[in-house]
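Letter by letter, the chains look like this.
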Amino acid sequence: MSTPIVTTEHLSKWYGQVSGLNDVSVNVPPGITGLLGPNGAGKSTFLKLITGQLKPSKGKVTVLGEPIWDNPDAYFKIGFCPEQDAFYERMTGLAWVTALVRLNGYDEAEAVAAAEKAIAAVDLLEAKDKKIGAYSKGMRQRIKMAQALVHDPGLLILDEPLTGMDPLMRRRTIKLIKDWAKQGKSIIVSSHILHEVESMTSNILLINNGRILAEGNVHQIRDLIDTHPHTVFVRADQPRAFARHCLAFDDVLSLRFEAGAVVVQTGKPDAFYARVTSLAATDEVGPIHEVTSPDDNLQAVFQYLVK
Amino acid sequence: MTSAPANVPAVAPPSLPVGRRSPSLWVAAVRIFDLSLARMLWSRGTIFMALLVGLPVVLAVLVRAVQAIGGPAMRVDGQMVTGPTIFGFMVWWLYLRFIVPVLALYYGTALVADEVEDKTITYLFTRPIPRGAVLLGKFLAYFVCTVMVVLPSLMIVYFLMGLSGATLAGTFPSLLKDLGLIVLGLLAYGGLFAWVGAQFKRPLVIGLMFVFGFEQAALIIPGSLRYLTVSFYLQSIVPHAVMGEGVMSLLQSLVEQKASLGTALGMLVAIGVAFVYLAMRVIARREYVLEQ
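The listed protein sequences derive, respectively, from chains B and A.
In this text, residue positions in the first sequence follow the numbering used here: the first is 1, and each later residue adds one.
In this text, residue positions in the second sequence follow the numbering used here: the first is 308, and each later residue adds one.
One or more of the hints may lead you astray.
Said to hold, decoys possible - Listed below are the simulated BS3-like cross-link pairs for lysine-lysine, each with C-alpha atoms no more than 25 Å apart in a straight line:
no., chain 1, residue 1, chain 2, residue 2
1, B, K117, B, K77
2, A, K426, B, K131
3, B, K130, A, K426
4, B, K55, A, K484
5, A, K426, B, K77
What the hints assert, rightly or not - A few chain B positions that, by computed beta-carbon distances, are all more than 12 Å from chain A:
no., residue
6, S25
7, H245
8, A248
9, V252
Hint data in this document are derived by calculation from the structure and do not stem from the laboratory.
Where is the CB? At the ideal position from N, CA and C, for every residue including glycine.
Turn these sequences into a full structure, and let the hints steer you where they fit.
Printed below as a string of structure tokens:
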């Protein structure tokens with residue numbers, strides 16, 4: 001077996017009396033690993049521990065063979081894309097990524113060149129001189145990814161990276177993540193959407209209530225989720241036109257409208273997501289801004305798993 | 308929908324230059340300073356800062372206007388109070404006892420707290436730099452930012468009030484001392500409140516109690532408590548007679564003590580440097596749990 005990129009031994013984290021992570025021992029192999037769990041499952045706590053932002057209450061973490069807490073040099077090899085939508089809003093994307101990579105020891109010229117390459121890698125070059133405050137949600141996600149990969153780390157840790165992206169960008173980002181893995185990078189990506197993770201990797205860590213419930217192949221979980229209706233939230237300019245399209249599909253079990261959006265229940269999530277992406281590409285139903293899956297899908301699966 | 312060209316190929320991320328090393332504490336701090344200065348100047352506190360430093364300017368303009376239209380002269384104990392005397396009063400009571408500590412409190416306690424509140428601290432703490440460099444860089448930004456706004460305010464007030472009836476050459480040394488005092492005050496209070504902000508959960512309350520409670524009381528209580536204040540060392544070297552009011556002033560004059568110039572200067576610098584160092588140590592060990 002190849003050397004694990006992240007190793008935890010009896011790792012626990014408490015926030016006062018509240019347990020964030022409970023006795024987790026895991027070896028994360030190289031390649032892409034999906035960290036899957038509903039909100040509040042402990043995904044972010046796990047990622048903060050393996051990125052050295054939190055100190056373990058108990059247990060050990062090593063990342064790429066080194067302890068991570070209080071070890072700034074380790075950040076040469078790690079790039080982290082956090083979940084929160086937080087930025088220096090008045091800076092341009094290029095200025096922000098440049099300023100951050102200068103903290104990696106790059107001089108000004110190197111930093112600008114590296115920042116431009118990273119911004120190009122996330123297809124944001126045309127907007128590099130716009131202020132981040134003027135970016136759309138998808139662009140903000142991408143600039144966040146650019147700052148994570150700007151120093152060419154061997155390990156990328158991405159916390160819910162596809163949140164807020166439109167279907168096309170989501171597909172391109174997934175391809176990008178897979179390309180980085182092909183170039184030899186290891187990637188840990190968290191999500192609460194099984195189908196997102198599945199499209200990137202079959203290697204998952206399933207987490208709930210601060211514990212790793214399962215690790216390894218995604219297919220068993222996938223079989224389970226497919227037996228249950230899956231809810232998808234689609235925000236579009238023309239929700240009614242989109243809904244009309246959906247009515248023609250056998251797998252659509254129900255539809256309801258929310259402000260500027262349609263909430264669809266489907267029995268075949270894979271087929272549904274593929275169709276939404278195709279529809280977005282053809283522009284037949286106008287722009288589709290956001291496709292998200294509420295937590296309750298995965299929560300339902302976890303309820304079955306822990307029974 | 309977010310648009311992006313569909314056929315843009317994925318570009319390989321940049322290669323890591325061989326031999327890359329962590330920037331030193333100082334270099335990292337300077338880079339954090341670069342990142343923070345503009346953000347600090349144009350932050351939520353900008354209006355607050357402008358109001359604070361604008362207040363003495365407005366007061367000086369009003370006094371000058373009253374004098375210009377032949378209004379009644381200010382008198383204390385039958386003696387006419389001149390512009391330079393009012394200027395000296397403003398330097399001590401308005402700048403050194405109010406504006407400097409309040410600005411230091413507002414910005415000093417928020418050095419890292421602002422990044423935590425805005426959830427941008429993650430980007431700084433996941434870079435290969437010592438965490439202390441984040442605080443040091445932000446402290447430098449605070450220091451430059453406040454010096455850049457307070458000193459011009461003091462100089463305007465000086466030209467409006469302090470110069471009347473005297474030559475620039477004659478009073479310039481005194482102005483330089485005032486400017487130096489402001490800088491030392493911003494350094495000492497800023498360092499102290501940077502540590503308070505890093506160490507305690509309610510830094511504003513603690514800071515307000517220190518400046519407007521403890522320091523006020525310590526200066527009038529006989530004994531050595533005053534040595535634990537910043538204002539004692541500032542008061543020891545303020546070039547103007549510290550004019551006060553009523554009972555407070557009377558008590559102060561009864562127990563008046565001063566540190567020597569060297570001691571006062573040394574202590575002000577030491578307070579600033581020591582507390583910034585302590586704050587850096589706190590930041591290096593502390594976990595920040597961002598609210599989800």
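Evaluation of the provided hints:
no. : hint            : verdict
1   : K117/B x K77/B  : 18 Å, holds
2   : K426/A x K131/B : 18 Å, holds
3   : K130/B x K426/A : 21 Å, holds
4   : K55/B x K484/A  : 47 Å, violated
5   : K426/A x K77/B  : 23 Å, holds
6   : S25             : 22 Å, holds
7   : H245            : 16 Å, holds
8   : A248            : 22 Å, holds
9   : V252            : 22 Å, holds
Hint compliance for this structure: hint 4 is the single one not met.
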